[in-house]
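Undergrad: Given chain U's structure and the hints, the job is docking chain E onto it.
Protein chains: 2
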Amino acid sequence: MKRIVFIALALAAWTASAQPRNNVVPSFAGAVEDFQPGLTNQIGRQYPMVNSQGAVRAQLRAPQASSVQLDIGGRRYEMVKDENGVWTGTSDPQDVGFHYYQLNVDGASVPDPGTVYFYGAGRWGSGIEIPSADMDFWQTKNVPQGSIVEKYYWSKATESMRHCYVYLPAEYDKNPGKKYPVLYLQHGNAENEQGWSAQGHTGQILDNLIAEGKAVPFIVVMDYGQGQNIHLVGEYAEQLPQPQPGQRASNDGFQVVLLTDIIPMVEKEYRVIADARHRAMAGLSMGGGQTRRITLANPTTFAYVGMFSGGVMSVEDIQGAKGFQQTNKLVFMSSGSKENPRVMEAAESLKQIGVNAVGYISEGTAHEWHTWRRSLYQFAQLLFK
Amino acid sequence: MKRIVFIALALAAWTASAQPRNNVVPSFAGAVEDFQPGLTNQIGRQYPMVNSQGAVRAQLRAPQASSVQLDIGGRRYEMVKDENGVWTGTSDPQDVGFHYYQLNVDGASVPDPGTVYFYGAGRWGSGIEIPSADMDFWQTKNVPQGSIVEKYYWSKATESMRHCYVYLPAEYDKNPGKKYPVLYLQHGNAENEQGWSAQGHTGQILDNLIAEGKAVPFIVVMDYGQGQNIHLVGEYAEQLPQPQPGQRASNDGFQVVLLTDIIPMVEKEYRVIADARHRAMAGLSMGGGQTRRITLANPTTFAYVGMFSGGVMSVEDIQGAKGFQQTNKLVFMSSGSKENPRVMEAAESLKQIGVNAVGYISEGTAHEWHTWRRSLYQFAQLLFK
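Residue numbers (this note's numbering), protein chains in the order written: chain U, 1 to 385; chain E, 1 to 385.
Hints in this document: simulated from the structure, not taken from any laboratory.
One or more hints might be untrue.
For chains that are exact copies, the list does not tell them apart, and a pair is met inside one copy or across any two.
[Stated by the list, open to error] DSS-like cross-link-like pairs, simulated, lysine-lysine; straight-line CA separation at most 25 angstroms:
1. 178 - 214
2. 156 - 385
3. 178 - 156
4. 174 - 214
5. 338 - 214
6. 385 - 179
7. 268 - 178
8. 156 - 174
9. 329 - 156
10. 329 - 351
11. 351 - 174
12. 156 - 141
13. 385 - 214
14. 268 - 174
15. 351 - 322
16. 385 - 268
17. 329 - 385
18. 268 - 179
19. 179 - 214
20. 268 - 141
Bound-form chain U, shown alone:
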């Protein structure tokens, strides 16, 4: 079982990181001509466009360039210049969901000036949404609206000001005497604390679920967990747990910050039910691996655990973490159907020792945000009930 975890984590890291981009191919010739402007375009911009096949068409004015390429999904598609110096190129059909991409102008990799920008693959850059049949669940609708709050706080463990994003449900301000459960929700490798709100549409997913009565109102905290960029100081640096074989030690700084700074800040600044029964942690990809390690290392701190495309927990994991099973109310493990981490099988194994384990496969999706939005949509309905 451990082997599956490591394969899944390795796959996650590989997929989310910058890949070699040697695979230069011609612009897709079989595109159906029903292109529409992308959902993540800047206001007033026609390009990039997406068609019903999921093909992406980009356009850039570069009169003096000798080569312009559309760099998406691990391939570079050659774009073609017209008489006005405008280059156009079309990708092969992409999986539904959200994809980071860029343009390449005479060897320079740059954002597409047509889109708004997202943090992923270790940089602020372009992203494009390939619409899916079920995307309604994360649209902004005229239902009671929660808030996404940008919150700065002092971190003792790093001796610096950090900041996070906090989702507060619509009713929060209307119920000054009510306290709420909290989900700590982490991004993937080379992403940041804005991923879950911007690419993940956490606010829309929860507003819609709560409005339909499918989820109870709760708070979500989204912070920055990229361990290589979390520099602990003093006694906190010494708290870093020793890495187990095959694990990356560098990411464990987040555990110290989460327990030292983030949870205490949240429980001081917001109206929170501050016990394990009302505390959940989840994450995608690398964030799922962090969730696994942190919840096992702190087995009586979180009752709900979610790992989205982030490997699985084994029977041995749970039996080795004293108090975990007594505290735990849910272990949720999900994956896109185009990944292969055997989450359903892992959930079956956990059920046999009495864990409330749920496996979920996102049909037709890969290691990207639509898998994770769907995972949050499923997971949120199981929390704090």
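TA: Frame of chain U; chain E shown alone:
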């Protein structure tokens, strides 16, 4: 006096809009070699850099390009390629403060991959900060932290979901029985609702002022005011005021949305003292012009008025707006010293009819965000006292 208003507004629109960029010059040869990474760089990026003269040095890898330029402050500086295909170029010294800029690769204008991105000049793109001696007042400090809240709401006037950013002071959640005054604070031409928090550092400025006891705690609402992109429907479209000579009618849609949707939403969703005495409006450049028109057209709605690099109000303006002077507690007009809108003279004229008018000149700055941060810093100390 009206002529001054129109000149100032025309200057504002011209400065903030895309300008012809024909002015190609060599990279600055006189740079002092004390360059440091920019304050708005992406995490882990060394370039762009800024030196003690305020010169900007950009770098881009573009091995096959034949020309790469640094496009800032109305000039394009020729960058030079080294043996590894990396282009480097340096601008002349820039004014202190915040500047939008871009790179040009063989005729393609693209964001610099080294910076985070800001919305201005009608696009998401690169920005760079030239440090100023007084920049301490907008830094993130370990003082009680307010929140910047992203809030979606239904707009009747446009029949769409809109969203705004709301600054809540640090004490807001701790005082569930207390109500607060509100400042409605608008961006400039071709900017958006994120400008005041991202480029303007509104949250930091107010947190710091409140912590020092220099400002009373109040709420700030920052919404999107670019009239050309506000599409009123039905009866609301008919409410559009007729343009006066020299004014742009297209921007008045914001007035309808402000009065129909934004103010009622804010007064419903937040704990607000909902009267003119506790309601302010201010804006920069185009937003200052909107503030002038909206507060004069609704003379008993706002007690505090701020126009930052946004023209001036005249004696005739105020005497023509019935009830304005009885309601008004402050008319604040500011400008960078490198602009020339004669705000001090205008304030003197207004004082002579008994208006509490304040003129403010931001020394050494031009038509950009440091002028407006300083203006907010001054204005905020005069509000709701």
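Undergrad: Next step is simple, just say for each hint if it's right about the structure.
TA: Hints, verified against the model:
no.: 1; hint: 178 - 214; verdict: within (20 angstroms within a copy, 33 angstroms between copies)
no.: 2; hint: 156 - 385; verdict: neither (34 angstroms within a copy, 36 angstroms between copies)
no.: 3; hint: 178 - 156; verdict: neither (29 angstroms within a copy, 31 angstroms between copies)
no.: 4; hint: 174 - 214; verdict: within (20 angstroms within a copy, 30 angstroms between copies)
no.: 5; hint: 338 - 214; verdict: neither (27 angstroms within a copy, 57 angstroms between copies)
no.: 6; hint: 385 - 179; verdict: within (15 angstroms within a copy, 34 angstroms between copies)
no.: 7; hint: 268 - 178; verdict: both (14 angstroms within a copy, 19 angstroms between copies)
no.: 8; hint: 156 - 174; verdict: between (32 angstroms within a copy, 23 angstroms between copies)
no.: 9; hint: 329 - 156; verdict: neither (31 angstroms within a copy, 43 angstroms between copies)
no.: 10; hint: 329 - 351; verdict: within (12 angstroms within a copy, 68 angstroms between copies)
no.: 11; hint: 351 - 174; verdict: neither (39 angstroms within a copy, 44 angstroms between copies)
no.: 12; hint: 156 - 141; verdict: between (39 angstroms within a copy, 14 angstroms between copies)
no.: 13; hint: 385 - 214; verdict: within (11 angstroms within a copy, 46 angstroms between copies)
no.: 14; hint: 268 - 174; verdict: both (19 angstroms within a copy, 10 angstroms between copies)
no.: 15; hint: 351 - 322; verdict: within (18 angstroms within a copy, 74 angstroms between copies)
no.: 16; hint: 385 - 268; verdict: within (24 angstroms within a copy, 30 angstroms between copies)
no.: 17; hint: 329 - 385; verdict: within (10 angstroms within a copy, 52 angstroms between copies)
no.: 18; hint: 268 - 179; verdict: both (12 angstroms within a copy, 21 angstroms between copies)
no.: 19; hint: 179 - 214; verdict: within (19 angstroms within a copy, 33 angstroms between copies)
no.: 20; hint: 268 - 141; verdict: between (31 angstroms within a copy, 19 angstroms between copies)
The structure fails hints 2, 3, 5, 9 and 11 (numbered hints given earlier, in ascending order).
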